[in-house]
Amino acid sequence: MADYNTMELMICTASRELEDGASIVVGTGAPNAAAMLAQKAHSPNLVILFEAGGAAPLIPEMPISVGDSRTTWKALMASGMCEIMETCCRGMIDYTFLGGAQIDMYGNLNSTRIGPDHQKPKVRFPGSGGANDLASFCWRMLVMTPQDSKRFAEKCQFITTPGWLTGGDSRAKSGLPRGAGPYKIITNMAVMDFEPESKRMRIIGVNPGYSEKDVQDNCGFELLKEKKIVENKPPTAKELSILREQIDPYRYVIGR
Amino acid sequence: MNVIDQGIGKIFTDPDADKARAFFRTKSRKLESKVMSVKEAVEKFVHDGDYLTLGGFGANRVPIAVAHEIVRQGRKNMGFAGHTSTHDFQILCAGEVFNKLDVAYIVGLEARGLSPNARRYMESGKVEVSEWTNYSLSVRFKAAAAGVSFYPSRNIMGTDTFKYSGAKIIECPFTGTKYAAMPALYPDVSAIHVHESDIYGNCRARGITVSDFDVARASKHLIITCERLISNDEIRRDPSYTVIPYWCVDAVCQVPYGSYPGNMYAEYFSDEEHIREWMKVEEDPVEFKKFLEKNIYSCKDHFEYIEKNGGIHKMLKLRDKEFMFVKARD
Chain A
2 MADYNTMELM ICTASRELED GASIVVGTGA PNAAAMLAQK AHSPNLVILF
52 EAGGAAPLIP EMPISVGDSR TTWKALMASG MCEIMETCCR GMIDYTFLGG
102 AQIDMYGNLN STRIGPDHQK PKVRFPGSGG ANDLASFCWR MLVMTPQDSK
152 RFAEKCQFIT TPGWLTGGDS RAKSGLPRGA GPYKIITNMA VMDFEPESKR
202 MRIIGVNPGY SEKDVQDNCG FELLKEKKIV ENKPPTAKEL SILREQIDPY
252 RYVIGR
Chain B
19 MNVIDQGIGK IFTDPDADKA RAFFRTKSRK LESKVMSVKE AVEKFVHDGD
69 YLTLGGFGAN RVPIAVAHEI VRQGRKNMGF AGHTSTHDFQ ILCAGEVFNK
119 LDVAYIVGLE ARGLSPNARR YMESGKVEVS EWTNYSLSVR FKAAAAGVSF
169 YPSRNIMGTD TFKYSGAKII ECPFTGTKYA AMPALYPDVS AIHVHESDIY
219 GNCRARGITV SDFDVARASK HLIITCERLI SNDEIRRDPS YTVIPYWCVD
269 AVCQVPYGSY PGNMYAEYFS DEEHIREWMK VEEDPVEFKK FLEKNIYSCK
319 DHFEYIEKNG GIHKMLKLRD KEFMFVKARD
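Order-wise, the sequence lines are chains A and B. Just so we're aligned: the first sequence equals residues 2 to 257 in our numbering. Just so we're aligned: the second sequence equals residues 19 to 348 in our numbering.
Bound-form chain A, shown alone (with noise of 0.2 Å):
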């Protein structure tokens, strides 16, 4: 078994997820890595999109930002913010990555503020960006983030970014298109899903070297328990090479 950090390995299991032919729409950092992997892994046909315009492009190395030329670099299209979020409304698109300051057991995300007052916040975030556009049309949410109680929070401060809301049919009451919503969240520790009735954060999965209770021990609300959990595969020698090699060679992300 080839030796790996955490941040390596969650690019590697969040990678897997996507299959080819599916389509998706990330951001810069992790996701966009798990989406490049993926795509030179086993998904060659894997869409990837970027929320300022860029369509399926040919990556030639990791975007600093979602609009500058890495995302349109032998892409399909040049387009805009209204045809990728209108491809995502229009049921299109199968996948997102998001993250944020809070996660609750609901998937609701928070990156706009800590602090009671929203006029003189305590700490300010940077807002919804696309994210609350992604969660509310994309078919599947994934979230891939380091695990801790304080990030993992009974409630988030500020719900910037819907995940199932309050549970149950609460979703698809709000509004928001449905059938879509927060699919697999992906830590450090583990690898967590929806139950289907309550729609609260279940662990499915356990990487090696971690356990159940510390997956709980880390997490500031109670999580429901699959019947079955299995032990999460680590990274296979092959993804870490395309990882290392080909897709962050100088470690901007891998390394952190």
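Bear in mind the hints are in silico, worked out from the structure with no lab data behind them. Every clue listed holds true.
Taking lysine to any residue pairs in the SDA-like style, the calculated list, with each CA pair at most 25 Å apart, reads: (1) A/174 to B/172; (2) B/94 to B/297; (3) A/121 to B/26; (4) A/151 to B/137; (5) A/174 to B/188; (6) B/186 to A/167; (7) A/239 to A/147.
Given the coordinates of chain A, assemble chain B onto it according to the supplied hints.
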């Protein structure tokens, strides 16, 4: 139409389409030269209290020369659309130019991290904010460009982003489906950087378009900066390349490297070294003041800024990066 729910965020601009039509009725359709300096354009079309939009995507095809000039001329109390504004947002925060803000994406510079000074400004309580999303602001411009007062969209519902926005939830008269109604956004003034324009303001742009073509049409006044002026004959030779027509445009300013230190598609990559320096120096307010004095306040124009930061040698290096002759992070 019944309103099912509504956000508590303020709408800083009037979405009334008839008032906008009355304004656009008075806008000149004369085919005349609008060429002027950035200084003149900002003096003439950007006023204290106006609502401003900057085109591009944060540090990609952004009208940097206009942003610097607005700070240099000391504009205040403006409204601003934070529609994935990153480096442009940093510049406007440095001048404390706006105090009303529609947020989609602010404070951050994507993979580069968060701007310390923009965070300080946004945490100071000096800015009144309404929350939106990238697509929400896109369709607010789209509604304005179409001359209607709102646009229905299926995002934002059920979240605090909705609660702190100025959107309203309505029911579709055909299907009964819920929609978020996004109010049209007609900016008082916008600036967009493009690849080429003629002297009248007929524009060509390449690469991603973000929301710029809608912003151009939605804005009451529009300043175009361009990498190159081209002849009107060239525009007429193949009109299929024209993306913004001259009747939307009030000023045309020729500014080669006008998106520097941002990226310009098929021209030059972003100057990551300079942006890093900017982020770093913001940590110390005293040092940042000196940095701004050097790079904005004491500069006559955009060329002096570029000269101070590597001049033509730097521009050639950024061109090599854009075409992948060398890697972006080298």
